Amino acid sequence: MKTLPSLFRFRGGIHPAYNKDATCGSEIRTLAVPSSLVISLAQHLGAPAVPIVKAGDTVAGGQRLADPAGLISAPVHAPTSGKVVRIEPAPTPLGRPAPAITFEPDGQDRWDSPLEPLPEWRAIEPRILAERVGAAGVVGMGGAGFPTQVKLSPPSDKPIDTLIINGAECEPYLTGDHRLMVERAADLWEGAAIIRHILGAGTVRVAIEDNKPDAIAALAAAIPSGLENAGVCVLKTSYPQGSEKQQIFSVTGRTVPAGGLPMDVGCVVENIGTTLAVRDAVVQGRPLVWRAITVSGDAVAAPANLLAPIGTPFAALVEACGGARGRVAKIVSGGPMMGFAQASLDVAMTKTSSGLLLLSAARVSVFTSQPCISCGRCLDACPMRLMPSELSQCIEADDIEAAERYNVLDCFECGSCAFVCPARRPLVQHMRRAKAILVARRRAAPPRPKPETR
Amino acid sequence: MSDWLVPVLWVGGIGAVCGAALAFAARYLGVEEDPRIEQVTAELPGANCGGCGFAGCAEYAKAMVTAGAATNLCPAGGCAVVARLSAILGRAAEAVEPRVALVRCGGSDSEAIRSFLYSGIADCAAAAATAGGDKACAYGCLGYASCARVCPVGAIAVTDGLARVDPALCIACGKCVPACPRGLIALVPAKATLHVLCSSKDKGPTVKKVCGVGCIGCAICVKLSEGAISMDGFLAKVDYSKPLRSDAAVAKCPGHCIVKNG
Numbered sequence: 001m002k003t004l005p006s007l008f009r010f011r012g013g014i015h016p017a018y019n020k021d022a023t024c025g026s027e028i029r030t031l032a033v034p035s036s037l038v039i040s041l042a043q044h045l046g047a048p049a050v051p052i053v054k055a056g057d058t059v060a061g062g063q064r065l066a067d068p069a070g071l072i073s074a075p076v077h078a079p080t081s082g083k084v085v086r087i088e089p090a091p092t093p094l095g096r097p098a099p100a101i102t103f104e105p106d107g108q109d110r111w112d113s114p115l116e117p118l119p120e121w122r123a124i125e126p127r128i129l130a131e132r133v134g135a136a137g138v139v140g141m142g143g144a145g146f147p148t149q150v151k152l153s154p155p156s157d158k159p160i161d162t163l164i165i166n167g168a169e170c171e172p173y174l175t176g177d178h179r180l181m182v183e184r185a186a187d188l189w190e191g192a193a194i195i196r197h198i199l200g201a202g203t204v205r206v207a208i209e210d211n212k213p214d215a216i217a218a219l220a221a222a223i224p225s226g227l228e229n230a231g232v233c234v235l236k237t238s239y240p241q242g243s244e245k246q247q248i249f250s251v252t253g254r255t256v257p258a259g260g261l262p263m264d265v266g267c268v269v270e271n272i273g274t275t276l277a278v279r280d281a282v283v284q285g286r287p288l289v290w291r292a293i294t295v296s297g298d299a300v301a302a303p304a305n306l307l308a309p310i311g312t313p314f315a316a317l318v319e320a321c322g323g324a325r326g327r328v329a330k331i332v333s334g335g336p337m338m339g340f341a342q343a344s345l346d347v348a349m350t351k352t353s354s355g356l357l358l359l360s361a362a363r364v365s366v367f368t369s370q371p372c373i374s375c376g377r378c379l380d381a382c383p384m385r386l387m388p389s390e391l392s393q394c395i396e397a398d399d400i401e402a403a404e405r406y407n408v409l410d411c412f413e414c415g416s417c418a419f420v421c422p423a424r425r426p427l428v429q430h431m432r433r434a435k436a437i438l439v440a441r442r443r444a445a446p447p448r449p450k451p452e453t454r
Numbered sequence: 455m456s457d458w459l460v461p462v463l464w465v466g467g468i469g470a471v472c473g474a475a476l477a478f479a480a481r482y483l484g485v486e487e488d489p490r491i492e493q494v495t496a497e498l499p500g501a502n503c504g505g506c507g508f509a510g511c512a513e514y515a516k517a518m519v520t521a522g523a524a525t526n527l528c529p530a531g532g533c534a535v536v537a538r539l540s541a542i543l544g545r546a547a548e549a550v551e552p553r554v555a556l557v558r559c560g561g562s563d564s565e566a567i568r569s570f571l572y573s574g575i576a577d578c579a580a581a582a583a584t585a586g587g588d589k590a591c592a593y594g595c596l597g598y599a600s601c602a603r604v605c606p607v608g609a610i611a612v613t614d615g616l617a618r619v620d621p622a623l624c625i626a627c628g629k630c631v632p633a634c635p636r637g638l639i640a641l642v643p644a645k646a647t648l649h650v651l652c653s654s655k656d657k658g659p660t661v662k663k664v665c666g667v668g669c670i671g672c673a674i675c676v677k678l679s680e681g682a683i684s685m686d687g688f689l690a691k692v693d694y695s696k697p698l699r700s701d702a703a704v705a706k707c708p709g710h711c712i713v714k715n716g
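Line by line, the protein sequences give chains A and B.
52 is the number that our numbering gives to position 52 of the first sequence; each next residue is one higher, with no gaps.
602 is the number that our numbering gives to position 148 of the second sequence; each next residue is one higher, with no gaps.
No lab work stands behind these hints: they were computed from the structure.
It is possible that some hints are incorrect.
Cut-off 30 Å, straight-line C-alpha distance, at most; resulting in silico cross-link-like pairs (DSBU-like, lysine-lysine) [as the list claims (entries may be wrong)]:
#: 1; chain 1: B; residue 1: Lys-657; chain 2: A; residue 2: Lys-54
#: 2; chain 1: B; residue 1: Lys-657; chain 2: A; residue 2: Lys-83
#: 3; chain 1: B; residue 1: Lys-629; chain 2: A; residue 2: Lys-435
A few chain B residues facing chain A, derived, Cβ under 10 Å [unchecked claim]:
#: 4; residue: Gly-466
#: 5; residue: Glu-551
#: 6; residue: Leu-571
#: 7; residue: Asp-577
#: 8; residue: Ala-590
#: 9; residue: Ala-592
None of the values given here were measured: they were computed from a predicted structure.
All C-beta atoms in this analysis are idealised placements derived from N, C-alpha and C, irrespective of residue type, glycine included.
Input sequences plus hints: build the corresponding full structure.
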């Protein structure tokens, strides 16, 4: 049992063109350390990390630069040796400025991680390994940046029986995870085994879309002989197959309840990059300081997958790929469906930067949106079974209460609805606006618990 | 003849009975209301703008008569209304300082740079939430007219990408103030003749890069205004409670962001 087909298909979803040919066949290239790095202290969900160094300090690679601030937070480490130039707010790919450390590498790449390698991790207690994952600053590298230590420490009343490693990489253009699966298949299984040991799960599945046959073959061939109940689950290619709720359904047939988490149905989903980061943190004592990023799009001269240190400015990534080709109409951090458009290349990559796309005017459309024509295409496309047409009309009319009743908080902004809308309505923007208003209201006044009903 | 006489008598009789019942109800079942409430409501402008803090003119009238609310809370009415209300309620007329809304930004599209092409919902809060807003200045007016849309009297117009309040039309109800995601709008005394049309907290060189009429923090206006203007970091601010000497400050400001009238 090395590869199994997925027996379930999540409802909805779309099929955008892959646009992966430019980078899926070439090996990941290590980027030469740039002359300056801007390391954000807000590279994860939760409170920004608190710096423990000051301007002028000299540090070694792997050394801790900032401590986590609270439970939902993560430390930040130096990617290489060098000097802390200054600590001040800097723009991030998400648009809001955040505290950051401007860092000048000294070119010597001295390494001094405070974490000792633990190759005999099987003998170590899961709790200690989870703490190691936290101490290494590992966060969800699929884009959300949720601190992995917290994810690997579910409460005791939520037992985990299935670990799913997310190799879907459903966003067009992005191929970093695909290449990692092909090039580091053995390390990936070791990371999966470590995570399974921490969670105590019985089943391990690496879920891969069927548009990546070489990755499926590489992982199926590399399953360690001692690893029980482990296999590759082949999913039908469909966006957003990489979304954890959809993936859990595709692999196990279980539905995460609305407002719930994967652990409510006994599952944990981890990204490929995160799994490898866990493996490196445990086996090599290496904190998360470098990551694979896909630089692609038709307006970059030589698209490639780069292994780059966190804090690398986008401009340096583009230069390493031959510079821009022609006029760049749009810059996207991440994938074209859920990524963020950038106003300039003077922004630095973070632990969650999976891609950088430079697109020409031919690939970008600027729409004039129309009123909803009630065609219903968005209802067919929504993987969460929402009604984007109805929601967007309520939100446009400022009826946020109606939007809440129609479950706008279950929307995870995949963009499938906006992709298919013939009236070119900015549906995701409407959802984001309503969710921001609702979250702000809930923070100000937590909802009363529902009364008991017989 | 009796074909139409009997129905006429029946319908007429029913009408008479209903009329009598209504007269009875109006006289003996009516709710007692202080007649001053109706008088006071008639004196109020009737815009139901909420500027007084109550849910419409009728609510404010009720609060004044039954709960002793102050008579000078209606910004649209002004001194004339306060005088009449105080007369009806037998109270001394309280002081009123007429105010108008002011957009503290001069960065129109002719003066200030846009940092990217924003293609989305034409709403200022939505634009501000997208990559930090499409103005190069992180504090400036985005010009998508969210303030103009909430104004009940149409006193705000957006021209050349900048919102401007017409002080002649503004009733100072305050609805525009929370509508601006950058907090640019404030209610200032209507008679004031000195305003700083900039809200940027950035240093001078940064401001100059993004706007031709921004405050560069040089503080020349502080002395020239004889204390009416003070510096809050790199931004000049007017203290409207002080006497406003404007001409020198307006003329000498290198950033061209100080004006006499808003």
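Against the structure, the hints:
1. Lys-657/B x Lys-54/A: holds, 23 Å
2. Lys-657/B x Lys-83/A: holds, 26 Å
3. Lys-629/B x Lys-435/A: This hinted pair holds, its Cα atoms lying about 23 Å apart.
4. Gly-466: violated, 50 Å
5. Glu-551: Hint on Glu-551/B: violated, closest Cβ of chain A at ~32 Å, above 10 Å.
6. Leu-571: holds, 7 Å
7. Asp-577: holds, 8 Å
8. Ala-590: Constraint on Ala-590/B satisfied, holds at 9 Å.
9. Ala-592: Holds. Min distance 8 Å.
In summary, the structure is inconsistent with hints 4, 5 from the numbered list given earlier, while agreeing with the others.
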